[in-house]
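Please work from the sequences and hints to get the whole structure.
Same order as they appear, the protein sequences are chains A and B. Per the working numbering, the very first residue in the first sequence carries number 1; after that it's consecutive. Per the working numbering, the very first residue in the second sequence carries number 1001; after that it's consecutive.
Treat the hints loosely; a few may be bogus.
[To be verified] Just the calculated beta-carbon pair ranges, DEER-fashion:
| hint | chain 1 | residue 1 | chain 2 | residue 2 | range |
| --- | --- | --- | --- | --- | --- |
| 1 | B | Thr1017 | A | Gly95 | 32 to 40 Å |
| 2 | B | Val1003 | A | Ser57 | 37 to 45 Å |
| 3 | A | Gln9 | B | Phe1061 | 23 to 31 Å |
| 4 | B | Ser1027 | A | Asp38 | 23 to 31 Å |
| 5 | A | Asp18 | B | Asn1082 | 47 to 55 Å |
| 6 | B | Phe1061 | A | Gly53 | 32 to 40 Å |
| 7 | B | Ser1001 | A | Asn5 | 33 to 41 Å |
| 8 | A | Pro8 | B | Gln1028 | 37 to 45 Å |
| 9 | A | Pro8 | B | Ser1009 | 26 to 34 Å |
| 10 | B | Val1003 | A | Glu54 | 22 to 30 Å |
| 11 | A | Gln14 | B | Thr1017 | 30 to 38 Å |
| 12 | A | Asn58 | B | Ser1018 | 38 to 46 Å |
Hints are computed from structural coordinates only; laboratory data are not their basis. All residues carry an ideal CB built from backbone N, CA and C; glycine is no exception.
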Amino acid sequence: GQQLNQSPQSMFIQEGEDVSMNCTSSSIFNTWLWYKQDPGEGPVLLIALYKAGELTSNGRLTAQFGITRKDSFLNISASIPSDVGIYFCAGRIGGGADGLTFGKGTHLIIQP
Amino acid sequence: SAVISQKPSRDICQRGTSLTIQCQVDSQVTMMFWYRQQPGQSLTLIATANQGSEATYESGFVIDKFPISRPNLTFSTLTVSNMSPEDSSIYLCSVGDRGRFYTFGSGTRLTVV
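Structure follows, in structure tokens:
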């Protein structure tokens, strides 16, 4: 099946720093999604990308859908303590296969 | 986006028993899915719940172990059958609409003892 390679696995940063994480795949995806999951909760959708090359922002978050449709990145600017959590990328191939394939997650830890 | 209510939120079950998890959505949605998240791991798609027909299962998941119902456009159930400790996971319901707006419930935290 399809696999998403998400990196880095974890990040230890200082408050106020910018954060960048990415996902790559050997398969083409028609949709890329970025989620954040807090302990004891389900994933919450941060940004959805539907077109190759699309660049979308949501407050301090910016994500891009790679031109090849095989990758995506998420940037967080000026990190704050509430950004702590696990970030997942997810992709949808489409064409009848509408479920999502998830990356393994990036655990963001912010040091005071 | 759709609001999903998932019940129960958590349960502790004896091995060999079955648990049925309910997923209720506040609006009609075209797609409903069930995922499993094993401890400390990512999410894995179990199946797509199809209204009025049998669910479509992903590789490694079978109907006898994870029977799914979807009687209408707002409700679905997932049963975890003949449970073993290896089934201890978070089970999550998700919905999508025409390939967009994929949202998740809060999950059911299952512990099998």
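Going through the hints against the structure:
Thr1017(B) and Gly95(A) have their C-beta atoms about 39 Å apart, which keeps the hinted 32 to 40 Å range intact. Here the CB-CB span from Val1003(B) to Ser57(A) is close to 25 Å, at odds with the stated 37 to 45 Å. Distance hint check for Gln9(A) and Phe1061(B): the Cβ-Cβ separation is about 26 Å, which falls inside the suggested range of 23 to 31 Å. With their beta carbons about 24 Å apart, Ser1027(B) and Asp38(A) fall inside the hinted range of 23 to 31 Å.
Look at Asp18(A) against Asn1082(B): about 49 Å separates their beta carbons, and that is inside 47 to 55 Å. For the pair Phe1061(B) and Gly53(A), the beta carbons lie near 35 Å from each other, so the given range of 32 to 40 Å is met. At about 28 Å, the beta-carbon gap between Ser1001(B) and Asn5(A) misses the expected band of 33 to 41 Å. Taking 37 to 45 Å as the suggested C-beta distance range, the pair Pro8(A) and Gln1028(B) conforms, at roughly 40 Å.
As the Cβ distance of Pro8(A) to Ser1009(B) is approximately 31 Å, the hint placing it in 26 to 34 Å holds. Distance hint check for Val1003(B) and Glu54(A): the Cβ-Cβ separation is about 27 Å, which falls inside the suggested range of 22 to 30 Å. At about 48 Å, the CB distance of Gln14(A) to Thr1017(B) disagrees with the hint of 30 to 38 Å. Hint check: Asn58(A) to Ser1018(B), Cβ distance near 40 Å, so the stated range 38 to 46 Å holds.
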